[in-house]
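Visitor: Here's the letter readout for the chains.
2 protein chains.
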Amino acid sequence: MNRTPPLATIAAAIRRERDRLGISSAELARRAGIAKSTLSQLEAGTGNPSVETLWAIAVVAGVPFSTLVEPPAPPVRVVRASQRPAIRSEASPFTSALLAACPPGARRDVHVITSEPGDARASDPHSPGTVEHMVVSSGRWNAGPAGEEVDLDPGDYVTFPADRPHTYRALTADASAVLVMEYR
Amino acid sequence: MNRTPPLATIAAAIRRERDRLGISSAELARRAGIAKSTLSQLEAGTGNPSVETLWAIAVVAGVPFSTLVEPPAPPVRVVRASQRPAIRSEASPFTSALLAACPPGARRDVHVITSEPGDARASDPHSPGTVEHMVVSSGRWNAGPAGEEVDLDPGDYVTFPADRPHTYRALTADASAVLVMEYR
DNA sequence: ACCTGTCGTTCGTCAAGCCGAACTCGAGGA
DNA sequence: TCCTCGAGTTCGGCTTGACGAACGACAGGT
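Quick mapping for you: the protein sequence lines, in order, are chains U and W. Residue numbers for the first sequence follow the UniProt record's numbering, beginning at 1 and rising by one. Residue numbers for the second sequence follow the UniProt record's numbering, beginning at 1 and rising by one.
No wet-lab data here; the hints were simulated from the structure. A few of these clues could be false.
Pair by pair, the computed Cβ-Cβ distance ranges are [to be verified]:
#, chain 1, residue 1, chain 2, residue 2, range
1, U, Q41, W, P117, 50 to 58 Å
2, W, P117, U, E148, 39 to 47 Å
3, U, D19, W, A122, 20 to 28 Å
4, U, Q41, W, R30, 27 to 35 Å
5, U, D124, W, A122, 41 to 49 Å
6, U, L21, W, R30, 35 to 43 Å
7, U, G62, W, S24, 22 to 30 Å
8, U, L171, W, G47, 49 to 57 Å
9, U, T130, W, T172, 31 to 39 Å
10, U, D174, W, A44, 49 to 57 Å
11, W, D124, U, A122, 41 to 49 Å
12, W, S138, U, P165, 33 to 41 Å
13, U, N142, W, K36, 44 to 52 Å
Partial list, computed: chain W residues near chain U (C-beta under 8 Å) [said to hold, decoys possible]:
#, residue
14, L54
15, V69
16, V135
17, S138
Keep in mind it's a predicted model, so treat the numbers as computed, not measured. Heads up, the beta-carbon is just placed ideally off N, CA and C, and yes, glycines get one too.
Produce the entire structure from the sequences given, and follow the hints as far as they go.
Guide: Take a look at the structure:
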């Protein structure tokens, strides 16, 4: 769930952002309103910056806060249709394994789900911060967090937090959709 | 690009995570290895925590660091097929408007792209932290960051950082794909 | 009523982050 | 060669976050 050390990551991230801006550390410190000595120590990996200090740097770098504390850059990942976890429910209800099959270590998973009317599937909350993306391939669906379900037509896209109960219900025959689960 | 203030957000996030765990502040402090007086001040919105302190809390809460500093929870968003930015290129090359049409304020956008062999589209880097998701609907594609392109078959899914140059090339006729752009 | 345990806050001390100034190093110009 | 300027590091001080202990408030048990 939680990953690598913070301090070295922060130091690298700051250097990376500064390189991207193409400015000196003195200039970055000036823009951020912090002492260049402070910035020097941060880039050296020394110390334990406060949130305000990091925030000031993130603002002038024009990047979200998380860019400075999360690991470097997301890699290129490919999930082959032939390999990925997919479940065809045919005319039967979704199995509970559909969403439970997500490997906990993975950052994202893709499922192709197919369903028939009446196959309502209620999913328990995933780990905090998990977000799902759903693109309807065919048929009509009703899906979303409990109490906030929306009707979806072919081609529609919906995203919602999945760390709370949520459901997928096919409203027409031969309904299918691509489901992307994004773990954090 | 960068959003709301940090301190109040952090205080709210910590309380929220602690509520979710259903434990007392004393217990959370004990697990995190920090003084409960420190945690008390943080939940009160007083002060300016160090990265290490916040990190310790995030670890025991089982959430990524960004959960504590970024705004609350992602909302449910729906992009209708009839409204969303979509371009059919038919037999002609992608127009440069394809990717440039992404509203800068949006957090995510969805495109349905169709292409024919020879229609290579090179995209300039998006803002830092932007990530793209691509699900192939039909045909074969070659896409990805410059130098790291991969071949994709129908149903394949790929995600990659889009803050660097990247390309999409259809390898077969009637190639189509769903493209999700995620801004940060 | 009394004791006991837990909760959350407040206070005094200590360590550490942040700051500004001084310093070293190196490149470019007269 | 000397001077000047900018980049980056190091050094004292001042401020502030983190800690442990003590405090009042409350609930449950005896």
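Visitor: Each hint needs a verdict: does it hold in this structure or not?
Guide: Evaluation of the provided hints:
A hinted range of 50 to 58 Å for the beta carbons of U:Q41 and W:P117 is consistent with their spacing of about 54 Å. Against the hinted window of 39 to 47 Å, the Cβ-Cβ separation of W:P117 and U:E148 comes to about 42 Å, which satisfies the hint. A beta carbon spacing of about 23 Å between U:D19 and W:A122 agrees with the range 20 to 28 Å that was offered as a hint. Checked against the hint of 27 to 35 Å, the C-beta distance between U:Q41 and W:R30 comes to roughly 31 Å, which is consistent with it.
The given range of 41 to 49 Å is respected by U:D124 and W:A122, whose C-beta atoms sit roughly 43 Å from each other. For the hinted restraint 35 to 43 Å between U:L21 and W:R30, the CB-CB distance of approximately 42 Å keeps it satisfied. Between U:G62 and W:S24, the C-beta spacing of about 40 Å breaks the proposed range 22 to 30 Å. Taking the beta carbon of each, U:L171 and W:G47 are about 51 Å apart, inside 49 to 57 Å as hinted.
As the Cβ distance of U:T130 to W:T172 is approximately 35 Å, the hint placing it in 31 to 39 Å holds. Separation of U:D174 from W:A44 is about 55 Å and conforms to the stated range, judged on CB atoms against 49 to 57 Å. Between W:D124 and U:A122 the Cβ separation comes to about 43 Å, which falls inside the hinted range of 41 to 49 Å. W:S138 and U:P165 have their C-beta atoms about 34 Å apart, which keeps the hinted 33 to 41 Å range intact.
In this structure the supplied range 44 to 52 Å holds for U:N142 paired with W:K36, their Cβ-Cβ distance being about 46 Å. Taken as an interface hint, W:L54 checks out: its beta carbon lies about 7 Å from the nearest beta carbon of chain U, inside 8 Å. Because the closest C-beta pair between W:V69 and chain U is about 5 Å apart, less than 8 Å, the hint holds. Given the 8 Å rule on beta carbons, the hint for W:V135 holds: about 5 Å separates it from the nearest Cβ of chain U.
Evaluation of the W:S138 hint against chain U yields a violated restraint, the C-beta minimum of about 11 Å exceeding 8 Å.
In this structure, the earlier hints numbered 7 and 17 are contradicted, and the remaining ones agree with it.
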